[in-house]
Amino acid sequence: MEAMERQIRLTVNGQEHELTIRDNTLLLWLLRDDLKLVGTREGCGTGVCGACTVLLDGRPVNSCLTLAAQAAGHHVTTIEGLATNGRLHPVQEAYIEERGFQCAFCTSGFIMMTKALLDEIPNPSEEEVREYLSENICRCAGYPDILRAVQNASRKLAARGR
Amino acid sequence: MADGRKQEFAVVGKSVPRVDGPPKVTGTPIYTVDMERPGMLHAAILRSTVPHGRIRRVDKSRAEQAEGVVLVVTGEDLKTMPGIDPYFGPAFRDQAILAIDKVRYIGDPIAAVVATRRELAYEALDLIDVEYEELPPVLDPVEAARPGSPLVHEQLRPAKAFADLAEIEPGKATNVCYHFKLRRGDVEQGFAQSAHVFEDWYYSPPAQHMMMEPHAALAWVDSDGVLTVITGSQSPSYVKGSLGAIFGLPQNKVRVMVPLVGGAYGGKLYDKLEPLASLLTFMARRPVKIQLTREEVFITITKHGVVSHVRTGVSQDGKILARKVEVYWDTGAYADIAPRVVHKSGYTSAGAYRVPNIWIDSYCVYTNKPPAGAFRGFGVPQVVWALESQMDMIAEKLGRDPLQFRLENVLLEGDLFATGTPVHSAGLKESLEAVAREIKWEPGVRKAVKPGTKSGVARAKGVACGIKAVITPSISGAIVVMNNDASVNVLTSTVEMGQGSDTALSQIAAEELGVRLQDVRVMHPDTAVTPYDTITAGSRSTYHMGNAIRLAAQEVKRQLFETASDRLEVDPDQLVARDGRIFVAEAPTRGLPIPEVFQARFGARGATLQGQAVFKTYAAPMDHETGQSEKVTEYWFPGATAAEVEVDLETGKVRVVKLVEACDVGRAINPHHCEQQIIGSALISLGQTLFEQMILENGELLNPTLLDYKVLTLKDVPESAVPIVIEVPHKDGPFGAKGVGETGTLSVSAAIGNAVYRATGVRVKELPITPEKVLRGLRAGQ
Amino acid sequence: MRPFKLLDPRSLDEACQMLDRYGEDVKLMSGGTAILILLRQRVFSKPYFINLKAVPGLDGIRDEPGTGLRIGALATLRAVETSPIVRQRAPLITETFRLVANVRVRNSGTLGGNLSHGDYRLDPPAPLLVLGAKAVAVSSRGRNTYELKEFFRGLFETALQPDEILTEVVVPDAPPKAGTAYFKYTSLSETDWPCLGVAALVTPSDGGGTCGELRVAVTSVAERPMLLEHLGPLARGKRLTERLLEELGDAAAERVDPIADARGSEWYKKEMVRVFVRRAVREAARRAGLAAG
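Residue numbers (our numbering), protein chains in the order written: chain F, 1 to 162; chain P, 1 to 782; chain A, 1 to 293.
Rather than coming from a laboratory, the hints here were simulated on the basis of the structure.
All the given hints hold, so there is nothing to weed out.
According to the in silico footprint, chain F covers these stretches of chain A (three or more CB under 8 Å from chain F): (1) 28–41; (2) 96–110.
Below are the DMTMM-like pairs computed for lysine to aspartate or glutamate, each with C-alpha atoms no more than 20 Å apart in a straight line: (3) P:Lys454 - A:Glu242; (4) A:Lys46 - P:Glu67; (5) P:Lys658 - F:Glu126; (6) P:Lys715 - F:Glu126; (7) P:Lys773 - A:Glu190; (8) A:Lys53 - F:Glu5; (9) P:Lys773 - A:Glu266; (10) A:Lys46 - F:Glu5; (11) P:Lys773 - P:Glu646; (12) P:Lys454 - A:Asp250; (13) P:Lys658 - F:Glu127; (14) P:Lys715 - A:Glu190; (15) P:Lys715 - A:Glu95.
For each residue, glycine too, the CB sits at the ideal point set by N, CA and C.
The task is simple: from the sequences and hints, build the whole structure.
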C-alpha cells in the first residue's frame, strides 16, 4: 500500500501552514492537536451539534467531518481568528453583552455560524436565524439569549458599516 | 422589592455581566478536553457487547503489537495489582475500574488501550478479542424487583462516602439496592373516606444529559509523587477521597483540579473517568488523557427511566385525603448516586399538597442497562409527571378548574410536608399565580375538540407545579483572601459548569467586602488548596457556598475593621465596608481606603488577609420505617409551569406555542442568570416531554448518536418562552437566596401533558408525548 | 477511524481507472459528510478512497435549453440550493434543498454523494423524482444514464455499478404552468430525520379547472424513495376535490411499505402518507392556480 501520509499547505486565520498529515486526519484534529487551536470543539462527531464549526473559504463547515486533505489549499477561519489586535469581533462582543452562553462549549460554533449568517444576510429575521442555527445545540438551552445576541451583532456590524 | 433592593445592595440583586465572558467567546483553552501535558498519552476503552455475561477470556496480544500502542490493561490485570481496591461508587462500591469477571451492560468497560495518539488507541480496540459466557439479562425494573429474578450483583458493599447515605444497607439476593418508605397517617382509612379514588400508571423514559463537553480526565503523577487529575467533575472533593481509597494514597497525595466545565446537569458527578485515568498513568508512568466519544457518553450515565403507580383519594369538596405511591427506578448496572435520587424524590412523591394520609414505596432496581444517576431535577421531574398529570384528572372528575384545585390544596408557609417537616419559604402559590397571570389562564373545565373533528388545530393551556428539597446535610468550605490592593481571591471547590457560579459567588463576596465586582476572582477547584465542598449539584451552591463565602468574608472584614477602628478611633461595630473603603457608618467621610488599612496593619507589599468558613447544614434523622423527620431539608425550591399548545388533529403533533416557568429563588443574586436557569431547564424539559428518549432493545441502545437522539434546538423553541423569578426570601439564605438550577425542570412535562389533554381529550401517561400517541388517542376517542 | 489512502485523481478517466484497479478495496468520497461518520464509528472501512473533489469541472450548474438543468454531481447541496438558475427553473429543488440537514452539511455534502449514498431518509430524491430527473454515470466501460425512478433499488442500495461514478444529474424542465410543493414532516424534534417527505407536481388541464398531470414522490418513509406513478391516472382530468385528495392519499398509503422506528409505527407512517400526500398535492394545485377542495 502507498504511503498513507501527505504534505499539505493550508491557511489558517491568515497564516500559512505546511504540515505532514495522515490521509485520514480530520480538519478538527489538525486544528486542535497539531495547531493547538482548541477553541474549535467536538460535541457530537456527527455534524449535528455545530460546536466544531469553522469557516472554509468563508463558508461554515463541520470540521469533525472534513478531511484535512480536502481542506488543503483553502482558507480556514476559526474562533481564534476573529479578534483583531486583541479587540473582540462585534459578534463576540454581542455574545458577551447578551450572555449568549452558559457553559459555552457550544459558543465557538455559535459565533462562527453567526458570523457566516450575518456575512450572508446582514439583517436576518428571527425565522432566518432559527433556520440557519437550527443544528447548533446549546444544551444549557440559552437559546433566547442567543437569538438576542445575533440581532445585537447584526446591529453592531451595521453601525460599523461592516 | 426590586427597587428597595437596589438601595440596599451594591452588587447583589443586579444582572451584572458574567465574569467568565471573554475566555468563553475567544476559544481560549478552558475545558478539560483542551488540556495537555508534555509526553501525554491517550486512552481508549473497549466495552462489553453483551448486556450480562461472564468474561471467559480477553486476548489483548494483538492490540499490544499495534502501531503507537504503549499499554493494554484488562480487569484481569486489576485482580493481581497490589495495593489497589479497584471498586468505586458513591453509594455502593459496585463498579470496577475495568470489569472483573462479569459484565453488566452493553458498554461496560472491559479493557483500556493507551497509545501515543487518540485515534491509534481507538484503532487498536478492534484487535482485542473477548469471549463471554452470556447470562440471562435483567431488563424490566418491575420484574427485576421480584424475588427470584436473576441478579445483576451477587453482593454489595456500601461506600460510606456521604452522611446522608451512611445508613443504607443493601438487601440480600435482590436487585433492589434501596427501598425508600414513607408512612404518614392511615392511608387505607383515607381511601375509605374518599368520595373518589384515582389510580394510574405513568412512565418516564431514560434520557441523556447530553452535556456538550464529553467526559474527560487527564492524570499524571508529579515529581513529588502526587497523583494529579484534571477532570470536568462536579464533585472534586469526593473524587479526591475516592482516588485515595482506590489507590491507598494519603489525601495530600491526591490533587484534583477542575477547570471550566462544558455542561454537566448531574452527569459528571462522582467517579467517572478519574479512577481509570489514574490507574493508567500509574502503569504507563506518563500523563494519560481519556476523552469519551459521544457514543460513549450516552452509555456512561443516564437519567432514570421510571415507572410509577399513583393512587389518590379525594373528598367531594376537593380535599386530598390519601395518596399511595409506588415508584420503580431503573438504575441500570451500577447504582451511582441512585439511592440518593430515590430517597430524595421518594419523600416528595406525595407532591406539593396538603395530604394527611400518605404511603410511599420507592424502589431502586438494578438492571443490565447503562447506569442511571443524577439528572437536573434529581428524579423529582419523573415523579411530578405522574402526580401532576393525575391532579388534572382529579380536577376534571370533580368539575373543578385545575389551577383553582391546586391553589386550594397547595402547601403554604408552616404547613407540614409529607415528612412531617414544616414548610418555609416555599412560594408555590406565588409561582402558580404568576404563571397563570402570564399565560392568561381562563378558569373552567376543559374544552375538548368536538367529536368527529379530524382536521385543523386544537389549542389549549395547561398548568402544573412541583417542589424539590435541597440535599441535607451538606458542607461547603470557602477561603477568602484579600490582597493589599483590595483585590480578592475566593477559594472554593464550586464548579463553574455554565450555571454562573463564578459570577454569583463574586457578587456575594464583593457585596460583603464592599469592593467592586471586578476586584473579586473566584478560583476554580484545586483540592490541594480549595476546601471541601459536597458537590456542585442539587441547586445548592448559591446557598451553601454563598453562605460560606459570606462568613469567610466577614472574617476578613472583621480584621479590616479591627485595624481601621484603631486608626479612626471608633468602635469596629460602627464601621462599614463599601466602595473599597472602610468608614464610619454615621460619618462616611471618616474612613480609609482598604489599601491604607493594609498599610497600617502590615506595612508590607503583597500582604494578605484571610478568612475561612465551613458552612454545614443539618437534618433531623429520618425514621427508616415512616420517613418522618422534623427537619428533612435546609430549604425547598418550588416552581410552576403554564404551557399553551397547538395540536395538529391530523398528525397528532404538539407544538408548544408559549411556555411560562416561574420559580421561587428566595432572592435573585443575579436576576438575569436566574432567568437563564429557569427557562433553560424548562426548555430542556420541553424537549424531554415531546421527543427525547433513549431507546433500548435487549439492553442495547438503538439511538446512541445525536443523529438519532435529538435534543431541543432553536427550531423547537416556542415563539414565547417566559421565565419568572419569584422571590420568597429564605431566613438563612445569603441575602435570602436559595437555589434555582433545577426548579425549572420539575413541572414542564405535566403542564404540557395537561394542555394536550385540555386541547384534545387525549391523556398520554407515557413520556414522550409523541404525535403517534396523541393520534391514537384521538382515533380511539372518535 | 482506520487508516486509509486518499487517492487524488486529476481527471474522471483517472478516477475510473482507480476504481477498476482497486475494486473492492476502494470507495468514492466527495463531500465525505456521510462516509466519515461511518468511518469514525468504525462500522465501515476501506483501504482506499478516491477523492472526487480533486477532479475539476464536476460541480457546474447550468441550464441547457431543450435538455433542462444539468447539475454536476460534485455541486454542493448548498450551491444547488442557492443557485439562481435552479431557483428559476426548478423552485421545488430550492424549496427542498434548504431543508436538508444543516447549512454546514449542505456546504460540504454534494448532490452526487447524497444520491449515491442511497439513504432512504434524505430529502433531495423526492423533488428530483417528480421532476423526472436522470442520473448520468461514467465508467471505463462508457457512459450510462439512469432514470432516477429506477436508480433507488433498496435500503442503501442504488443502481450504480461498483465501477461507475455518478457525474451529473439532468433535470428536465417542468411542464408549463406546473405547481410544485415539498412537505417534510418531522414527528419528533424539528431537526430530526423526517418521518416522511412528500413532493408533488400538478399541472392544470388544458381547459383549466381540472388536474392535468399529477406526480407524487415520497421519501424517508420506506426503504427507498419512490415515485408513486399510479396516482397520476387517478387524478387526470378530475377536479381536485377533498374527496379526490383523500383517495389519492389512500392510494399512496396502499403502495408504501413504511419502516417502523421511533418516528412512528408502520400504521402511523401510513396515516402520515395519507395526510401529507393530501397536503402536498393541495398546495401544488394551489400554486398551479387550481382551486383544490
